[in-house]
Amino acid sequence: MHQRWQAYEACDSYRLLRVLRANRGDPGRLAIELDKLLADKSLSPASAALARLQLRQAQAQFRLQDQSDRQQQQLRDQQKRIDDQAAKLDALRRLELDLPKPNGLSGGSKR
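Going by the numbering used here, the letters in the sequence shown line up with residues 77 to 187, in that order.
Derived from the structure by calculation, the hints contain no laboratory data. Fair warning: this is a prediction, and the values are worked out from it, not measured in the lab. Hints should not be assumed to be uniformly reliable.
Unchecked claim - Result set (SDA-like, lysine to any residue): computed pairs, CA atoms no more than 20 Å apart in a straight line:
hint: 1; residue 1: 177; residue 2: 155
hint: 2; residue 1: 117; residue 2: 90
hint: 3; residue 1: 112; residue 2: 131
hint: 4; residue 1: 164; residue 2: 153
Stated by the list, open to error - Simulated restraints, written as ranges between beta carbons of each label pair:
hint: 5; residue 1: 157; residue 2: 117; range: 46 to 56 Å
hint: 6; residue 1: 153; residue 2: 173; range: 56 to 66 Å
hint: 7; residue 1: 135; residue 2: 164; range: 36 to 46 Å
Just so it is clear, CB atoms sit at the ideal spot from N, CA and C, and this is done for glycine as well.
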């Protein structure tokens, strides 16, 4: 029984499945592990083709995740600038209200 399990663990498909399951939440780590697996030249052509396909998908997912992270950071930066500008505008409005009105003018300019 033990020998049969060792043979199963040595199977290309099992090794690929183990890499995919262990790293499914981290596309960067998955790409690294798939690269290691592909470096093993003893993989069957079918397993190697599937591993290359999974590697391309992991790399694409990693790039998209990185792009999304950068866009989210840009959005946070833009929102901070908007909030800062709104705070400055409010401060200027309060300052304007506190300024004394010129003589003879009330509420608006009269000509």
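Each hint tested on the structure:
1. 177 - 155: violated, 35 Å
2. 117 - 90: Cα-Cα ~16 Å, so holds.
3. 112 - 131: holds, 11 Å
4. 164 - 153: holds, 17 Å
5. 157 - 117: 46 to 56 Å: holds, 53 Å
6. 153 - 173: 56 to 66 Å: violated, 31 Å
7. 135 - 164: 36 to 46 Å: At 44 Å between Cβs, range holds.
In the structure shown, a violation is registered for the earlier hints numbered 1, 6, in ascending order.
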